[in-house]
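Model the placement of chain A on the given structure of chain R, informed by the hints.
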Amino acid sequence: MYGPALPVFTPILGLTVNVLAQVVSFRIKGRLSLLHTIFIGFISGLITMSVIDVITLSYNKCSLIYFIAIIIANIIIYGSLGYCYFHFINLGETARRIRLLREIYDSDVGLTTSELLKLYNAKEVLSYRIERLLQNKQIHLQNDRYLIGNPTILWFANIITFLKYLVLGKRSEFD
Amino acid sequence: MNILLAGLSLFFLAFGIHLVIWKVHLPHHQSSALLWTFFGTFSLGVISTPLFPQDGLWAWFLPHGLLELIHVFLMFLSLTFAYLITYSALEADSPSLVIIRMIAEAMPTGLAKQDLETRLSDDILILPRIKDLLRDNLVVANGARLQLTPQGRSFIKIFVIFRALLKAGKGG
Chain R
1 MYGPALPVFT PILGLTVNVL AQVVSFRIKG RLSLLHTIFI GFISGLITMS
51 VIDVITLSYN KCSLIYFIAI IIANIIIYGS LGYCYFHFIN LGETARRIRL
101 LREIYDSDVG LTTSELLKLY NAKEVLSYRI ERLLQNKQIH LQNDRYLIGN
151 PTILWFANII TFLKYLVLGK RSEFD
Chain A
1 MNILLAGLSL FFLAFGIHLV IWKVHLPHHQ SSALLWTFFG TFSLGVISTP
51 LFPQDGLWAW FLPHGLLELI HVFLMFLSLT FAYLITYSAL EADSPSLVII
101 RMIAEAMPTG LAKQDLETRL SDDILILPRI KDLLRDNLVV ANGARLQLTP
151 QGRSFIKIFV IFRALLKAGK GG
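For the record, the sequence lines run as chains R and A.
Residue 57 in our numbering is what sits at position 57 of the first sequence, and the numbering runs on without skipping anything.
Residue 169 in our numbering is what sits at position 169 of the second sequence, and the numbering runs on without skipping anything.
Treat the hints with care, as some may be off.
Computed footprint of chain R on chain A, listed as stretches where at least three residues anywhere in the stretch have a Cβ under 8 Å from a Cβ of chain R [claimed, not checked]:
| # | segment |
| --- | --- |
| 1 | 18-24 |
| 2 | 78-86 |
| 3 | 139-147 |
| 4 | 153-167 |
Rather than coming from a laboratory, the hints here were simulated on the basis of the structure.
For every residue, glycine included, the Cβ atom is placed at its ideal position computed from N, Cα and C.
One chain only, chain R, in its complex shape (with noise of 0.2 Å):
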């Protein structure tokens, strides 16, 4: 048992000070990427929630055992909504669906699949992606091939295709 309910809703006021402060940086841009503007939205619900939560179980004089704990579940649902918040963020920017979501929102009578495909198609998805690959060095062009550089992603890749098998019980959606 412990006192005040402040300590429930500071992970939702950490996350409402993530986002306000993404935004913002977001739109005063300056040479701040959106990765670096994530970052700083995180950063600072993080501080925020924290500072809240110690000073309030510390005025409640709560058990050291209590403390931590409830430190730890705070951290860990914050860290749950600041995920959500960067893939939600990550799925306006990059996903396939949402885009195609997006071109049929904005036609009048909506698309058939050949319009579609000429507004969004996958020439426009490989381009920007090795765009993005050879800019963050993790591929690079020699003598007209893609080469694999910081291995990284590789590795990441490599992650995602076990959870893939574990969870699916196949390494691709086309097996």
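Okay, now just chain A, sitting in the frame of chain R:
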């Protein structure tokens, strides 16, 4: 302590049940099956709380009072949404990761640009996603035209508003 243990226990119990169900039979509508599995487990867990001894070891795993129950629910909800959003990334192959794996398989000689474009066509990258939208009832085929359903419209509006707030483009 009981908030942490109750929240994590319920989440991992739901996750375990989900894995068992998926091994027996992969549901057709995976997203709604996941929601039913996770929130069904939480609801059953809460309803069955009075059946457990309220002291001893069990006391560490049971919330005491409404405030603690709300806290447990928030932890469960946040972990569940984090997993759901990760799961949606598992369902469809990420084009970036597919590109990376294809290049890795072609090492040490690497992969020609043209090979990449031939193998990753609209049939592989776009048409399956259109089928997903139809399956998930976000889009409906009205004759030859694809149109948004009311759910599809409400769903994409969130992104339209958010992208406008960021002053960002359409993405994709």
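Here's how the hints hold up against the structure:
Proximity of the segment 18-24 of chain A to chain R, defined as three or more residues with a beta carbon under 8 Å from a beta carbon of that chain, is established by the 3 residues found. For the segment 78-86 of chain A, the stated coverage by chain R holds: 6 residues have a C-beta nearer than 8 Å to a C-beta of that chain, and at least 3 were required. Closer than 8 Å: that is the beta-carbon criterion, and the segment 139-147 of chain A has 6 residues meeting it against chain R, so the requirement of 3 holds. Here the segment 153-167 of chain A counts 11 residues with a CB under 8 Å from a CB of chain R, which clears the bar of 3, and the coverage holds.
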